[in-house]
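Q: Please model the entire structure based on the sequences and the hints provided.
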Amino acid sequence: MAMPRKKVLLVDDSRTSVFMEEMILKKGPYDIVVAADGQEGVEKALAERPDLILMDMVMPRMTGLEAVRELRGRAETKDIPIIMVTTRGEGDNVEKGFESGVNDYVTKPIDGLLLLAKVRDYLGT
Amino acid sequence: MKRGRDQADYVQKVRGDSQRLTQSLLNENERLRARLAGLETDNAALAEKARSVDALVAANETLRAGEATLRAEKLRFEEAVVQLREEFATAGRRYAALEQRLKDAEEESHRFSQDYLNVEQQNQNLANLYVASYRLNGTVDRDELMLALQEIVANLVGSEEMGVFEVSENGKTLSLAASLGLDAERYRELPADRGLIGQALRSGQTYVGGLQPGDDRAEGEENLTACIPLIVEERPIGVIAIFRLLSHKPQIEDIDRELFELLAAQASVALYCTRLHALHRAKALRA
Numbered sequence: 228m229a230m231p232r233k234k235v236l237l238v239d240d241s242r243t244s245v246f247m248e249e250m251i252l253k254k255g256p257y258d259i260v261v262a263a264d265g266q267e268g269v270e271k272a273l274a275e276r277p278d279l280i281l282m283d284m285v286m287p288r289m290t291g292l293e294a295v296r297e298l299r300g301r302a303e304t305k306d307i308p309i310i311m312v313t314t315r316g317e318g319d320n321v322e323k324g325f326e327s328g329v330n331d332y333v334t335k336p337i338d339g340l341l342l343l344a345k346v347r348d349y350l351g352t
Numbered sequence: 020m021k022r023g024r025d026q027a028d029y030v031q032k033v034r035g036d037s038q039r040l041t042q043s044l045l046n047e048n049e050r051l052r053a054r055l056a057g058l059e060t061d062n063a064a065l066a067e068k069a070r071s072v073d074a075l076v077a078a079n080e081t082l083r084a085g086e087a088t089l090r091a092e093k094l095r096f097e098e099a100v101v102q103l104r105e106e107f108a109t110a111g112r113r114y115a116a117l118e119q120r121l122k123d124a125e126e127e128s129h130r131f132s133q134d135y136l137n138v139e140q141q142n143q144n145l146a147n148l149y150v151a152s153y154r155l156n157g158t159v160d161r162d163e164l165m166l167a168l169q170e171i172v173a174n175l176v177g178s179e180e181m182g183v184f185e186v187s188e189n190g191k192t193l194s195l196a197a198s199l200g201l202d203a204e205r206y207r208e209l210p211a212d213r214g215l216i217g218q219a220l221r222s223g224q225t226y227v228g229g230l231q232p233g234d235d236r237a238e239g240e241e242n243l244t245a246c247i248p249l250i251v252e253e254r255p256i257g258v259i260a261i262f263r264l265l266s267h268k269p270q271i272e273d274i275d276r277e278l279f280e281l282l283a284a285q286a287s288v289a290l291y292c293t294r295l296h297a298l299h300r301a302k303a304l305r306a
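Chains A and B supply the protein sequences, listed in that same order.
Position in the first sequence (from 1) plus 227 gives the number in our numbering.
Position in the second sequence (from 1) plus 19 gives the number in our numbering.
Don't read these hints as lab results, they were simulated from the structure.
Treat each hint with caution, since some may be false.
Cut-off 25 Å, straight-line C-alpha distance, at most; resulting in silico cross-link-like pairs (SDA-like, lysine to any residue) [as the list claims (entries may be wrong)]: (1) B/LYS268 - A/ARG315; (2) A/LYS345 - B/VAL138; (3) A/LYS253 - A/TYR332; (4) A/LYS254 - B/LEU145; (5) A/LYS254 - B/ILE274; (6) A/LYS254 - B/ASN142.
Please read these numbers as outputs of a predicted model, since none were measured by experiment.
A: The following block contains the structure:
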């Protein structure tokens, strides 16, 4: 029986990073939606209602943390799991992410197996 | 008269004797009754004892029968114990064999898992190289290429301190063409004939590793992690210098070295292409 497909929103201004994440997630039953900054991420989350969001932190227009706070403040998106993708793996930065409402985090360079395991864990796929 | 008296005495005597005899008989009778009553009591007690003995005899018979049954049961149990011991020994051997098979299966599973991880790691390495190659060859625009190089170093290598240097017209200096996380003024121009960056440019060999005391380092090279020379048709045109790695990335790994090779091969051509494209556009605009 085919596994139900899940929708994953990638929010990152780096085309390299998005391309990499797409290549990793192609291995699973996921439909990918991409947003190039936090503002577009919020808009696409409201429009597409993804099952999971991978959120970069440093982006133009609206940062990842701001986008997460915005999403957590809206009834339509407050329960969507968000995995923070960051180059900063230090405790303080991660702590800020959790305070804003992210569920988990991965660091760049992305470990594909780890990312896939976390996505599978949140989506039950 | 005397005879009459004698007769009377005699009668009196006989009567007395009779009375005594009667009394004696009565007493005897009474004694015999009492004895009879005692004997009846004894008889009843004996009968009771006899019944008890019968019960004991019956119980004894039952016990004898029970004992025989128990002996037979004991024999059966002993046989069963022997059989069970044999079965236990057989089961023990089978358990040991199954345990060995399980251990073998676990080891095989572990090997498969390790193989799977290795394959996945190789897949990821290939994906990294593919993404880097795709990004380098996806544009002829200089700014876009510089952005791609920064993203490759940041997202695939794991450093947010890097610079792309180009060889100046006279070949004596290296000029900073693009950077990420560096003090641009400090690194604006570096000597092309000395220091680790200059050495990588001159030798055409990628420099990888921590700085050692006595290294020929130029100013600003304290935190250099790697330096990739960019060469087109044996002519050095620049370098990519990578300084400190991200804090959670402890060291350069094999995949990073492969990325450096790819950058050396493709970034140089891509950079050269952007120059040609810029020249072509300039000519086109002039025309």
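Q: Run every hint past the structure and note whether it holds.
A: So, going through the hints one by one against the coordinates:
| no. | hint | verdict |
| --- | --- | --- |
| 1 | B/LYS268 - A/ARG315 | holds (10 Å) |
| 2 | A/LYS345 - B/VAL138 | holds (19 Å) |
| 3 | A/LYS253 - A/TYR332 | holds (20 Å) |
| 4 | A/LYS254 - B/LEU145 | holds (14 Å) |
| 5 | A/LYS254 - B/ILE274 | holds (21 Å) |
| 6 | A/LYS254 - B/ASN142 | holds (11 Å) |
Comparing the model with each numbered hint stated earlier shows that all of them hold.
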